[in-house]
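S.K.: This is what each chain is made of:
Protein chains: 2
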Amino acid sequence: MADKQKQSNFTIAKATEKDIPGIFDCVKELALFEMAPEAVITNPVVYLEDWLKGWFEVLVAKSDDRIVGIALYHPAYSSWKGRMMYLDDLIVTESYRGLGIGKALLDAFITEAKKSNAVICKWQVLDWNKEAVVFYEKIGAELDKGWWNVKLMTLSYSLWQSDIAV
Amino acid sequence: MADKQKQSNFTIAKATEKDIPGIFDCVKELALFEMAPEAVITNPVVYLEDWLKGWFEVLVAKSDDRIVGIALYHPAYSSWKGRMMYLDDLIVTESYRGLGIGKALLDAFITEAKKSNAVICKWQVLDWNKEAVVFYEKIGAELDKGWWNVKLMTLSYSLWQSDIAV
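Residue numbers (our numbering), protein chains in the order written: chain W, 559 to 724; chain E, 559 to 724.
To be clear, the hints were calculated from the coordinates, so they are not data collected in a lab.
It should be emphasised that the depicted structure is a prediction, and the values quoted were computed from it without experimental measurement.
Just so you know, nobody snuck in bad clues.
If several chains are the same, the list does not tell them apart, and a pair holds so long as it fits within one copy or across any two.
Simulated crosslink set (DSS-like; lysine-lysine; CA at most 25 Å straight-line):
id	residue 1	residue 2
1	611	673
2	639	696
3	696	673
4	688	703
5	673	709
6	576	639
7	586	639
8	709	572
9	709	696
10	672	709
11	661	709
12	661	572
13	673	572
14	620	576
15	611	572
16	703	639
17	611	672
18	586	611
19	639	709
Given only the sequences and the hints, what does the whole structure look like? Please build it.
M.R.: In structure tokens, the structure reads:
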């Protein structure tokens with residue numbers, strides 16, 4: 559059970575370069591929770607390069623100078639709604655849950671979205687993650703269950719598969 | 559039925575400013591097909607401003623100088639996979655389907671993804687859009703049905719809802 563004392567001790571701030579390894583540790587922890595640790599093919603070196611080039615932003619929650627949660631996000635666009643901010647990962651390390659850190663990270667993320675004049679924020683949740691679903695519904699987010707994700711590893715795609723006409 | 563003669567007549571190119579109204583017409587047509595025309599709150603003026611500011615890119619397919627298809631996309635990031643290119647919309651106007659335009663647009667999109675060193679391309683498909691699902695599986699894309707979309711209209715969110723601890 560998390561110590562309630564921790565609650566007043568966390569801070570939320572934009573990531574700096576030295577936070578990158580701790581951010582990666584959080585991502586690995588979530589991948590383990592989502593039962594797909596082998597799906598993570600990134601590493602802290604890749605993160606640092608891509609973060610420096612602006613591919614994503616991170617908000618970090620810290621307690622006693624240790625990263626205990628992250629919100630990893632980037633700008634996106636909806637042809638229907640306009641400017642969007644996409645939350646790729648919202649993670650609170652297990653022993654720090656229930657203290658308001660997830661909500662504080664989400665608030666900070668939405669504040670960043672507002673600064674960019676993004677009209678909509680979007681993210682995804684696993685269909686079996688009941689606790690997260692309840693949380694998102696509680697804050698007024700809308701769940702949309704009718705879409706499937708389609709993904710393609712870029713390098714495995716050959717342009718010469720030209721026998722398909724659509 | 560589409561005239562097969564059209565097949566050799568289309569071109570694919572990156573959008574220019576004067577293409578914006580035709581791009582919006584394509585988006586409206588798809589929204590109608592997906593039975594949600596009222597969900598479109600953008601317009602060509604918003605598109606132009608956001609496109610000029612780099613929020614998204616568009617590839618346009620043209621036949622006889624008319625836009626007959628689009629691929630609207632932007633960079634994104636996966637904490638698990640790294641650099642991503644996200645395809646928000648892939649549209650071929652109805653009378654031009656079956657001629658290879660959708661495949662050509664997808665090829666051009668993936669070529670752009672490769673140029674950016676994006677390791678993964680992602681998009682979404684409605685669960686009842688069988689024809690699109692078959693097409694995506696045919697080109698080797700993977701369908702992931704276990705995630706739900708969560709969306710929040712930024713302006714409707716109040717940060718003072720602070721009684722939720724997660």
